[in-house]
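Peer 1: Chain by chain, the residues:
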Amino acid sequence: MTPLLEVKGLKKHFPITKGAVIPRKVGAVKAVDGVSFQLEQGKTLGLVGESGCGKSTTGRTILKLIEPTEGQILFKGQDITSLKGNKLRRLRKDMQLIFQDPFASLNPRMTVEQIIAEPMKVFGINKAARRKKIDQLLDVVGLSGYHKNRYPHEFSGGQRQRVGIARALALDPDLIICDEPVSALDVSIQAQVINLMEDLQKEFGLTYLFIAHDLGVVHHISDQIAVMYLGEIVEYGHYHELYEHPKHPYTQALLSAIPEANPHLQKERIVLKGDVPSPAHPPAGCKFHTRCPLAQERCRLEKPIMKTVSPTGQQAACHFVKEVGHGDRFVVPK
Amino acid sequence: MSTEMRLGDDGDISGTASQQDKKRPFLDALVSILKSKTSLIGLIIIVLLLLVAVFAPLLAPSNPISGGDLFNRYKGPSADHWLGTDELGRDILSRLIYGTRISIQVGIIAVGIALVIGTFLGAISGFFGRWIDMIVMRIVDILMSFPSILLAIAIVAVMGKGLTNTMIAVGIVGIPQFARIVRSSVLSVKETEYVEAARAVGAKSYRVLFRHVLPNCLAPIIVQTTLSIGTAILDAAGLSFLGLGAQPPKPEWGAMLDAGRAALQTAPWVVIFPGLAILVTVLGFNLLGDGLRDALDPRTKK
Numbered sequence: 001m002t003p004l005l006e007v008k009g010l011k012k013h014f015p016i017t018k019g020a021v022i023p024r025k026v027g028a029v030k031a032v033d034g035v036s037f038q039l040e041q042g043k044t045l046g047l048v049g050e051s052g053c054g055k056s057t058t059g060r061t062i063l064k065l066i067e068p069t070e071g072q073i074l075f076k077g078q079d080i081t082s083l084k085g086n087k088l089r090r091l092r093k094d095m096q097l098i099f100q101d102p103f104a105s106l107n108p109r110m111t112v113e114q115i116i117a118e119p120m121k122v123f124g125i126n127k128a129a130r131r132k133k134i135d136q137l138l139d140v141v142g143l144s145g146y147h148k149n150r151y152p153h154e155f156s157g158g159q160r161q162r163v164g165i166a167r168a169l170a171l172d173p174d175l176i177i178c179d180e181p182v183s184a185l186d187v188s189i190q191a192q193v194i195n196l197m198e199d200l201q202k203e204f205g206l207t208y209l210f211i212a213h214d215l216g217v218v219h220h221i222s223d224q225i226a227v228m229y230l231g232e233i234v235e236y237g238h239y240h241e242l243y244e245h246p247k248h249p250y251t252q253a254l255l256s257a258i259p260e261a262n263p264h265l266q267k268e269r270i271v272l273k274g275d276v277p278s279p280a281h282p283p284a285g286c287k288f289h290t291r292c293p294l295a296q297e298r299c300r301l302e303k304p305i306m307k308t309v310s311p312t313g314q315q316a317a318c319h320f321v322k323e324v325g326h327g328d329r330f331v332v333p334k
Numbered sequence: 001m002s003t004e005m006r007l008g009d010d011g012d013i014s015g016t017a018s019q020q021d022k023k024r025p026f027l028d029a030l031v032s033i034l035k036s037k038t039s040l041i042g043l044i045i046i047v048l049l050l051l052v053a054v055f056a057p058l059l060a061p062s063n064p065i066s067g068g069d070l071f072n073r074y075k076g077p078s079a080d081h082w083l084g085t086d087e088l089g090r091d092i093l094s095r096l097i098y099g100t101r102i103s104i105q106v107g108i109i110a111v112g113i114a115l116v117i118g119t120f121l122g123a124i125s126g127f128f129g130r131w132i133d134m135i136v137m138r139i140v141d142i143l144m145s146f147p148s149i150l151l152a153i154a155i156v157a158v159m160g161k162g163l164t165n166t167m168i169a170v171g172i173v174g175i176p177q178f179a180r181i182v183r184s185s186v187l188s189v190k191e192t193e194y195v196e197a198a199r200a201v202g203a204k205s206y207r208v209l210f211r212h213v214l215p216n217c218l219a220p221i222i223v224q225t226t227l228s229i230g231t232a233i234l235d236a237a238g239l240s241f242l243g244l245g246a247q248p249p250k251p252e253w254g255a256m257l258d259a260g261r262a263a264l265q266t267a268p269w270v271v272i273f274p275g276l277a278i279l280v281t282v283l284g285f286n287l288l289g290d291g292l293r294d295a296l297d298p299r300t301k302k
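Residue numbers (this note's numbering), protein chains in the order written: chain W, 1 to 334; chain B, 1 to 302.
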């Protein structure tokens, strides 16, 4: 079966230019640097990583809101990488985006009804059908009909996010890219919105690419998880396996940062030193070597490739991945 | 869908707290204008002017053009002629009242031209960027490098004298400011997530620009419009004073100043009252414009 979405070697480099009159390229911010994954219909892929690692850029590049520099995006088996104009517009029907900040993603001068109707207007759906669909959508996301004529500022964060979800659903898309949809919400509201998204997935057979920096949230909703660092996927696997047996030292560090509910349970924390290096000048070799507790000479020179590290298909890009035990302790090779 | 979820947000559905925090921006602005004394004065002046312009035939004691009495030239203010008479014995008050119509008309039409063209240029310049931006903004820079009245004189000189051409000239002179203000607002609004959301649903550029970007640039445009009307009236009066704008016997304020200039020492009222009329009108628009700017600028909120 062909996956709904397949991304091959996706790259997005933003040029850094100098000179106002005749700009010349002096470098590039490698926001996304060779990302590949597959996403099957009805599944959820969680994309995690620190801020600035290229998660959102990956999502926007897949939607073609940003033109990719290199690589291929296959949607329903069709290469959409170079689509433009009307063909691209038709594609928008099947792919939608839910935004991080529900305060910024709704036009303050439009009512909820206008906001949800917008995608349908763009695709020329008639007024009666629009009305019906809007009522249906509001019900589905847990808002009431009388909210229709209100403006976004009259709502709370969670309600606004529901409006954003309703807008994304308006055209019955297959794929929804969720760009940190809950990170701007209160923890209590986060659970509601996540539950809503899960319900919707079951009801409409949606496929999610779920971008987040919070592993706890991602664990809850994802089938597969990909961990990104500086524009590359460093580990990929089934959510359960990746959480129980993280192979890559970066994943291990991320997981150790999840707060533990039980205060008596002492957890070994791996605290990474320093900041994420600039994506304009990524380190040579393994990009993680500047902060990796395992780093050796080899890491500085040689770039690790993704290797399958378990029978279920978990993959990691680390030279020492075989030596790393079952996620509990590092074994530093001599 | 669980009922729990709906209940969870119920506290907000009643929404009184959030509604008190953020009212509709324009309603808020109106309240703020009514609260500030200076902008309220501006608003009152403009409303009065508009009323005078509309009801001019009812208010004016005599005909502003043919109501002259050559035996009563240069008469000072009296019970018959409250503001005196001019060089042809016409009642100055009547001429001022009819002049209000011309001034308001000039202000609205000239600013209308500047608003439409300037907003359009600024919008496409900021929205599409690249070479469009480059070309449009350089033209705007060139227009701006001339002193406004000089540029207006040059345009009228090319197109010929008259009130219509004056309005066009004053309008053209106002274009650069609108273009710049709109461009800068568009630049910031087009980066917002709701604009990205509109693109993500497949909206075409013109739809994104006119439905999402421009409506969110309204506040500075409104302020600039109000402030510009005052300037436009002043510029048009200046051109008429120089003999390029409204031609006699039109009761235009600037033209009245020009006509009264010869008798400035013997009959100052011929000049003083049109001058005051211009002053009050421009002041009114500026006060209202300033008030609007403060009201619509979130940084000045208390």
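No wet-lab data here; the hints were simulated from the structure.
One or more of the hints may lead you astray.
Partial chain W-side listing against chain B, Cβ under 8 Å, derived [said to hold, decoys possible]:
| id | residue |
| --- | --- |
| 1 | D94 |
| 2 | Q96 |
| 3 | S105 |
| 4 | I125 |
| 5 | K127 |
| 6 | E241 |
| 7 | Y243 |
| 8 | A284 |
| 9 | L301 |
| 10 | I305 |
Listed next, the in silico SDA-like pairs over lysine to any residue satisfying Cα-Cα at most 25 Å (straight line) [claimed, not checked]:
| id | chain 1 | residue 1 | chain 2 | residue 2 |
| --- | --- | --- | --- | --- |
| 11 | W | K11 | W | L171 |
| 12 | W | K25 | B | R211 |
| 13 | B | K204 | W | S36 |
| 14 | W | K121 | B | V189 |
| 15 | W | K87 | B | F128 |
| 16 | W | K133 | B | R211 |
| 17 | W | K127 | B | P215 |
| 18 | W | K127 | B | V189 |
| 19 | W | K25 | B | F210 |
| 20 | W | K87 | B | P215 |
| 21 | W | K18 | B | R211 |
| 22 | B | K204 | W | G42 |
| 23 | W | K133 | B | K204 |
| 24 | W | K84 | W | K133 |
| 25 | B | K204 | W | G85 |
| 26 | B | K204 | W | K25 |
| 27 | W | K25 | B | S205 |
| 28 | W | K87 | B | F210 |
| 29 | W | K11 | B | E193 |
| 30 | W | K93 | B | R207 |
| 31 | B | K204 | W | I73 |
| 32 | B | K204 | W | H213 |
| 33 | W | K133 | W | S36 |
| 34 | W | K76 | W | L171 |
| 35 | W | K25 | B | F128 |
| 36 | W | K148 | B | R211 |
| 37 | B | K161 | W | K133 |
| 38 | W | K25 | B | R207 |
Glycine included, every Cβ here is placed at the ideal spot set by N, Cα and C.
Peer 1: Decide, hint by hint, whether the structure agrees.
Peer 2: Hint check results:
Checking D94/W against chain B by beta carbon gives a least distance of about 10 Å; that is not within 8 Å, so the hint is violated. Taking 8 Å as the C-beta cut-off, the interface hint given for Q96/W holds, the closest approach to chain B being about 7 Å. At its closest, the beta carbon of S105/W sits 4 Å from a beta carbon of chain B; the interface hint therefore holds under the 8 Å criterion. This hint is violated: I125/W has a C-beta 12 Å from the nearest C-beta of chain B, more than the 8 Å allowed.
Among the interface hints, the one on K127/W is violated; its C-beta lies about 17 Å from the nearest C-beta in chain B, farther than the 8 Å criterion. Interface hint at E241/W: violated, since its Cβ lies 30 Å from the closest Cβ of chain B, which is beyond the 8 Å cut-off. Interface restraint check: Y243/W against chain B, minimum CB-CB distance 26 Å, threshold 8 Å, status violated. For the restraint placing A284/W at the interface with chain B, the shortest Cβ-Cβ distance is roughly 34 Å, beyond the 8 Å limit, so the hint is violated.
Here the hint on L301/W is broken, as its CB sits about 40 Å from the closest CB of chain B, past 8 Å. Evaluation of the I305/W hint against chain B yields a violated restraint, the C-beta minimum of about 34 Å exceeding 8 Å. Of the pairs offered as hints, the one joining K11/W and L171/W is violated, with about 29 Å between alpha carbons and a cut-off of 25 Å exceeded. Distance hint between K25/W and R211/B is unfulfilled; the C-alpha atoms sit about 35 Å from each other, more than 25 Å.
Between K204/B and S36/W, the direct Cα distance comes to roughly 30 Å. Violation of the 25 Å bound is thereby established for this hinted pair. Note on K121/W and V189/B: the hinted pairing holds, with a Cα-Cα distance of about 22 Å set against a maximum of 25 Å. For the given pair, K87/W sits about 21 Å from F128/B by alpha-carbon distance, which is consistent with the 25 Å threshold. Distance check on the hinted pair: K133/W and R211/B sit about 21 Å apart at the alpha-carbon level, within 25 Å; holds.
Restraint check: the Cα-Cα separation between K127/W and P215/B comes to about 23 Å, which is no more than 25 Å; the hinted pair holds. Our distance criterion of 25 Å between C-alpha atoms is broken by K127/W and V189/B, whose separation comes to about 29 Å. Using a Cα cut-off of 25 Å, the hinted pair K25/W and F210/B is violated, with the two alpha carbons roughly 34 Å apart. Of the pairs offered as hints, the one joining K87/W and P215/B is violated, with about 28 Å between alpha carbons and a cut-off of 25 Å exceeded.
About 35 Å separates the Cα atoms of K18/W and R211/B, which puts this hinted pair outside 25 Å; it is violated. The suggested pairing of K204/B with G42/W is violated, with an alpha-carbon distance near 30 Å, which exceeds 25 Å. A hinted pair counts as satisfied when its Cα atoms are at most 25 Å apart, and K133/W with K204/B qualifies at roughly 22 Å. With a C-alpha separation of about 28 Å, the suggested pairing of K84/W with K133/W is violated against the 25 Å cut-off.
Taking the CA atoms of K204/B and G85/W, the gap is near 9 Å; set against the 25 Å cutoff, the hint holds. Pair hint K204/B plus K25/W does not hold up; C-alpha atoms about 30 Å apart against a cutoff of 25 Å. Proposed proximity of K25/W and S205/B is contradicted: the alpha carbons are some 28 Å apart, above 25 Å. Distance check on the hinted pair: K87/W and F210/B sit about 23 Å apart at the alpha-carbon level, within 25 Å; holds.
Taken as a hint, the K11/W and E193/B pair is honoured in the structure, with Cα atoms around 23 Å apart against an allowance of 25 Å. Of the pairs offered as hints, the one joining K93/W and R207/B holds, with about 17 Å between alpha carbons and a cut-off of 25 Å not exceeded. A threshold of 25 Å between alpha carbons decides the hint, and for K204/B with I73/W the separation of about 23 Å falls inside it, so the pair holds. For the proposed pair K204/B and H213/W, the alpha carbon gap of about 32 Å is over 25 Å, so the pair is violated.
Between K133/W and S36/W, the direct Cα distance comes to roughly 36 Å. Violation of the 25 Å bound is thereby established for this hinted pair. Using a Cα cut-off of 25 Å, the hinted pair K76/W and L171/W holds, with the two alpha carbons roughly 17 Å apart. Restraint check for K25/W and F128/B: satisfied, since their Cα atoms lie roughly 21 Å apart, inside the 25 Å limit. Taking the CA atoms of K148/W and R211/B, the gap is about 18 Å. The hint holds against a cut of 25 Å.
Of the supplied pair hints, the one linking K161/B and K133/W is violated, its CA atoms being roughly 60 Å apart against a limit of 25 Å. Note on K25/W and R207/B: the hinted pairing is violated, with a Cα-Cα distance of about 33 Å set against a maximum of 25 Å.
Consistency note: the structure conflicts with the earlier hints numbered 1, 4, 5, 6, 7, 8, 9, 10, 11, 12, 13, 18, 19, 20, 21, 22, 24, 26, 27, 32, 33, 37 and 38.
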